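Asker: As a plain string of letters, each chain reads:
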Amino acid sequence: MSTLHFGDGNLQYDGQGRLRHLLSIEGLRERDLLQILDTTESFLSIAQRTVKKTPTLRGRTLVNLFFENSTRTRSTFELAAKRLSADVLNISASQSSTTKGESLLDTVDNLMAMQVDGFIVRHPEAGAAHLLARHLGERALVVNAGDGQHAHPTQALLDVFTIRRLAGPVEQQVVCILGDVLHSRVARALIHALSILGCPEIRVLGPRTLVPPEFASLGVQVHHDPRAALPGASIVYALRLQRERMESHRLPSLDEFHRRFGLTPERLALAAPGALVLHPGPINRGVEIASTVVDGPQSVVLAQVEHGLAVRMAVLSLLAGVPGHED
Amino acid sequence: MSTLHFGDGNLQYDGQGRLRHLLSIEGLRERDLLQILDTTESFLSIAQRTVKKTPTLRGRTLVNLFFENSTRTRSTFELAAKRLSADVLNISASQSSTTKGESLLDTVDNLMAMQVDGFIVRHPEAGAAHLLARHLGERALVVNAGDGQHAHPTQALLDVFTIRRLAGPVEQQVVCILGDVLHSRVARALIHALSILGCPEIRVLGPRTLVPPEFASLGVQVHHDPRAALPGASIVYALRLQRERMESHRLPSLDEFHRRFGLTPERLALAAPGALVLHPGPINRGVEIASTVVDGPQSVVLAQVEHGLAVRMAVLSLLAGVPGHED
Amino acid sequence: MSTLHFGDGNLQYDGQGRLRHLLSIEGLRERDLLQILDTTESFLSIAQRTVKKTPTLRGRTLVNLFFENSTRTRSTFELAAKRLSADVLNISASQSSTTKGESLLDTVDNLMAMQVDGFIVRHPEAGAAHLLARHLGERALVVNAGDGQHAHPTQALLDVFTIRRLAGPVEQQVVCILGDVLHSRVARALIHALSILGCPEIRVLGPRTLVPPEFASLGVQVHHDPRAALPGASIVYALRLQRERMESHRLPSLDEFHRRFGLTPERLALAAPGALVLHPGPINRGVEIASTVVDGPQSVVLAQVEHGLAVRMAVLSLLAGVPGHED
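Protein chains in written order, with my numbering: chain A, 1 to 327; chain B, 328 to 654; chain C, 655 to 981.
Please keep in mind that the hints were generated in silico from the structure rather than gathered at the bench.
Model, not experiment: these values are computed from the prediction.
Treat each hint with caution, since some may be false.
Said to hold, decoys possible - Here are some, though not all, of the chain A residues that point toward chain B, as calculated from beta-carbon distances under 7 Å:
(1) Val51
(2) Lys52
(3) Lys82
(4) Val305
(5) Glu306
To be verified - DSS-like mimics (lysine-lysine), calculated; alpha carbons at most 30 Å apart, straight line:
(6) C:Lys707 / B:Lys380
(7) A:Lys82 / A:Lys53
(8) C:Lys736 / C:Lys707
(9) A:Lys53 / B:Lys380
(10) C:Lys707 / A:Lys53
To be verified - Derived Cβ-Cβ restraints for the label pairs, each shown as a range:
(11) B:Gly342 / A:Thr50: 18 to 26 Å
(12) A:Gly274 / B:Arg461: 49 to 57 Å
(13) A:Gly168 / B:Gly464: 29 to 37 Å
(14) C:Arg793 / B:Pro539: 41 to 49 Å
(15) A:Ala216 / C:Arg897: 32 to 40 Å
(16) C:Glu779 / B:Glu357: 37 to 45 Å
The beta carbon of each residue, even a glycine, is placed where N, CA and C say it ideally should be.
Based on the sequences and whatever the hints tell you, model everything.
Answerer: Next up, the structure:
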């Protein structure tokens with residue numbers, strides 16, 4: 001899975017080794033990851049202007065194909081596409097012909113017959129975006145906006161972009177990821193992206209039920225005590241705690257979790273001075289992170305959102321074969 | 328509340344006394360109200376052209392943030408924004424992250440991180456738009472598209488614009504407002520706007536349960552008999568009767584209301600010759616107003632809708648700091 | 655109903671005999687049908703370009719007024735309008751003021767007051783689009799996107815366009831329509847369009863309950879045996895089998911239908927060599943048609959979808975008074 005080769009086994013690349021889909025951080029070459037991050041810089045400045053548009057994808061059509069609700073993700077991709085001047089078609093599952101028994105691939109084939117140029121897909125089943133990419137090949141681009149346990153590679157891209165931009169070279173960071181690492185594809189994709197970029201030390205922190213010892217095989221340090229995990233960390237990344245986990249008895253209670261692991265000002269003080277606090281959102285204030293930390297000076301959660309828009313503009317333009325933005 | 332001062336107490340103005348949000352008619356200076364009405368004139372002509380667009384807000388992003396369904400209001404603002412060439416993001420509450428427990432302000436902060444330029448907000452709770460404006464300050468514009476009892480100041484603006492344009496100077500009108508005045512913010516905002524513009528005589532008409540004597544303190548004449556309220560009125564404004572009121576026993580029945588107060592051709596004949604009939608919509612035909620009056624020659628309800636679009640274009644462009652439309 | 659005259663009785667034409675609405679194939683003049691098909695050719699090439707847009711309807715506003723869910727139809731019209739550079743307003747019934755008791759015509763009048771240029775209407779009741787066209791006259795264009803039993807004339811237009819483009823002149827085709835002809839307006843509209851264009855032989859095939867002998871009065875051959883109906887057919891058109899029909903006991907079972915009438919490779923081999931297979935979608939694979947036939951070399955179902963987009967662009971531009979696309 002986490003190979004750096006491409007070819008038949010790596011759906012993200014076409015026969016010439018060009019990035020054609022963004023499905024997962026796994027399998028992404030370092031130089032493509034770096035190109036996305038560099039292109040993101042060029043798009044970041046656009047959002048600061050009064051006229052926040054470029055003609056990059058004028059006349060192209062992108063489909064937001066969402067089989068799960070996610071206003072935040074849908075809105076970011078919609079805005080990214082619109083600011084690139086693309087036409088956007090929003091299709092949500094509850095309205096779609098799939099309710100008439102049509103399959104995902106039939107729906108996609110119909111949209112392809114209308115000459116759409118790409119799909120941004122969110123689907124509850126793991127592998128849905130890969131299925132689409134395999135089916136479409138070079139005919140249209142596919143961006144995975146979350147499949148299965150709500151993973152989407154653009155999240156990891158915006159995370160490492162934020163770290164690189166606001167904390168400095170990834171090679172110099174000590175990163176501590178806090179929370180339900182076991183069920184978080186955000187965490188796994190982030191660990192992959194950090195590894196590709198040469199992060200020297202990655203720690204994961206949480207209760208044994210959510211951070212099992214097997215994680216050490218990913219090349220990370222496993223911690224169950226904040227006092228051991230936080231010292232020296234230049235980046236503290238708090239994960240969203242899925243309330244559903246409570247029902248599976250992996251957690252005693254939200255209060256208990258907050259008391260033992262929640263990122264409070266006191267715990268943050270254990271980390272390196274000026275350590276940055278990241279969170280993928282939406283935030284459970286008072287659970288995985290205290291409100292005062294979210295709103296405090298070390299928090300860069302809104303910068304993550306801002307960077308997320310630029311990352312998506314970069315990804316869409318690169319996959320569409322337009323190398324970047326020139327003023 | 329209804330002060331003409333600005334500053335800390337008046338969220339609609341920035342520190343330099345420039346109109347930055349449109350939250351309520353209360354607190355709006357006469358000269359700003361007049362500027363909106365004058366700017367509306369310039370936008371009204373655009374709708375008559377084949378190409379109904381201006382580049383006024385090209386490259387800006389406006390968010391329709393609707394926590395209540397209102398196709399009519401949402402559509403008007405969406406069309407207004409599109410005709411100004413803005414990008415529009417529609418977000419409805421049922422889809423939004425607020426269902427994941429995220430607060431209104433977190434949602435807005437996330438959207439601000441994507442550099443959106445303004446919010447058109449509809450929310451069931453009174454004060455939601457004010458909360459947003461207080462939070463955002465000069466960072467983005469806020470237009471109140473209805474909070475609490477479905478008030479929105481652009482309704483009062485289009486009403487006085489319609490009166491001024493089709494009946495003449497507001498200073499020369501006698502206005503009779505008919506119906507559930509007690510629960511109508513439309514009525515209250517209209518009374519304020521008419522007062523600011525120097526309307527010499529405003530009458531309110533309805534049963535005692537819906538038009539209590541205390542209204543006299545607003546400077547209006549209180550009437551319970553159409554035969555006393557209508558003679559001499561140059562403007563008859565029928566309010567939508569909320570069927571919900573029936574349940575609170577404030578009304579015997581819709582039929583009874585129509586029989587005693589409904590604007591029939593006979594009652595309209597009591598008003599001044601050629602008196603104009605207005606209604607904010609949607610109309611309950613046969614309840615507060617007879618169908619023949621809605622569709623009759625004195626009705627200007629569709630002109631109100633037309634003017635509503637131009638008013639919203641004017642408000643959005645003025646709040647965005649673009650003073651108006653030049654051909 | 656199926657007259658070739660125009661005037662009072664033919665709502666599709668204005669007083670000068672210009673096509674103003676597209677409501678049904680019945681009543682459409684041959685020369686207008688041919689003009690739509692010819693204009694479609696010019697729009698088909700646009701979809702092949704990188705920039706898939708023309709400024710044809712820039713500054714016009716079209717409303718997708720959908721009182722029934724139909725992602726496919728809505729998306730095609732939305733894309734068609736956007737590629738013509740029109741602004742599109744999507745209004746679905748569940749959100750609309752009609753739930754507040756406002757009538758269809760009141761909703762339309764309100765939208766007209768906002769100077770929209772046309773309506774694409776889908777409504778569960780037969781005649782809804784006609785009602786709108788009668789109400790609007792020359793003030794705005796109306797395209798029937800399905801009323802009652804899910805008929806929409808653009809389907810028949812894309813069908814005959816596909817036949818003409820991929821099989822050759824309609825005058826030389828033998829067409830066999832298979833399935834629930836009785837309840838299918840798609841079938842009826844197709845028969846009309848084929849007749850207008852001089853198709854010499856049209857056959858309908860299905861069980862007696864769904865293809866009654868009375869159909870012969872439409873000038874078609876009625877068949878109940880595939881071995882008699884298919885030989886010599888150059889076009890085989892499979893209709894979607896409405897599962898609802900099962901409940902009315904008109905069909906024993908889906909399996910039984912497939913066994914006796916379903917378009918299998920064996921049955922298709924009875925038709926003329928290289929006969930084309932069409933289907934209006936969405937497809938019930940394994941019911942009216944076998945999956946291998948849908949995906950086989952004779953199937954042109956995706957070409958139908960592609961042509962459908964170009965047909966809708968042609969219809970919208972012609973009804974808006976813009977004669978076509980010039981490069």
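Asker: Now tell me if each hint is right for this structure.
Answerer: Hint by hint, here is what the structure shows:
The beta carbon of Val51 of chain A comes within 3 Å of a beta carbon in chain B, closer than 7 Å, and the hint placing it at the interface holds. The interface hint given for Lys52 of chain A holds, since its Cβ lies 5 Å from the closest Cβ of chain B, which is under the 7 Å cut-off. Among the interface hints, the one on Lys82 of chain A holds; its C-beta lies about 5 Å from the nearest C-beta in chain B, closer than the 7 Å criterion. Among the interface hints, the one on Val305 of chain A holds; its C-beta lies about 4 Å from the nearest C-beta in chain B, closer than the 7 Å criterion.
For Glu306 of chain A, the interface hint holds, since its Cβ comes within 7 Å of a Cβ in chain B; the closest pair sits about 4 Å apart. The hinted pair formed by Lys707 of chain C and Lys380 of chain B meets the criterion: a straight-line CA distance of about 17 Å does not exceed 30 Å. At most 30 Å may separate the alpha-carbon atoms for a hinted pair to count; Lys82 of chain A and Lys53 of chain A meet this at roughly 8 Å. Only pairs whose Cα atoms come within 30 Å are accepted, and Lys736 of chain C paired with Lys707 of chain C is accepted, the gap being roughly 8 Å.
The straight-line distance between the Cα atoms of Lys53 of chain A and Lys380 of chain B is roughly 17 Å, inside the 30 Å bound, and the hint therefore holds. Between Lys707 of chain C and Lys53 of chain A the alpha-carbon distance is near 17 Å, which keeps this suggested pair within the 30 Å criterion. Restraint check, Gly342 of chain B to Thr50 of chain A: a C-beta distance of roughly 21 Å satisfies the suggested window 18 to 26 Å. In this structure, Gly274 of chain A and Arg461 of chain B break the distance hint of 49 to 57 Å, their C-beta atoms being roughly 30 Å apart.
About 32 Å separates the C-beta atoms of Gly168 of chain A and Gly464 of chain B, a value consistent with the hinted range of 29 to 37 Å. Checking the proposed 41 to 49 Å range against Arg793 of chain C and Pro539 of chain B shows it holds: the Cβ atoms sit about 44 Å from each other. Taken as a hint, the range 32 to 40 Å is violated for the pair Ala216 of chain A and Arg897 of chain C, whose Cβ atoms sit roughly 54 Å apart. At roughly 50 Å, the beta carbons of Glu779 of chain C and Glu357 of chain B sit outside the given window of 37 to 45 Å.
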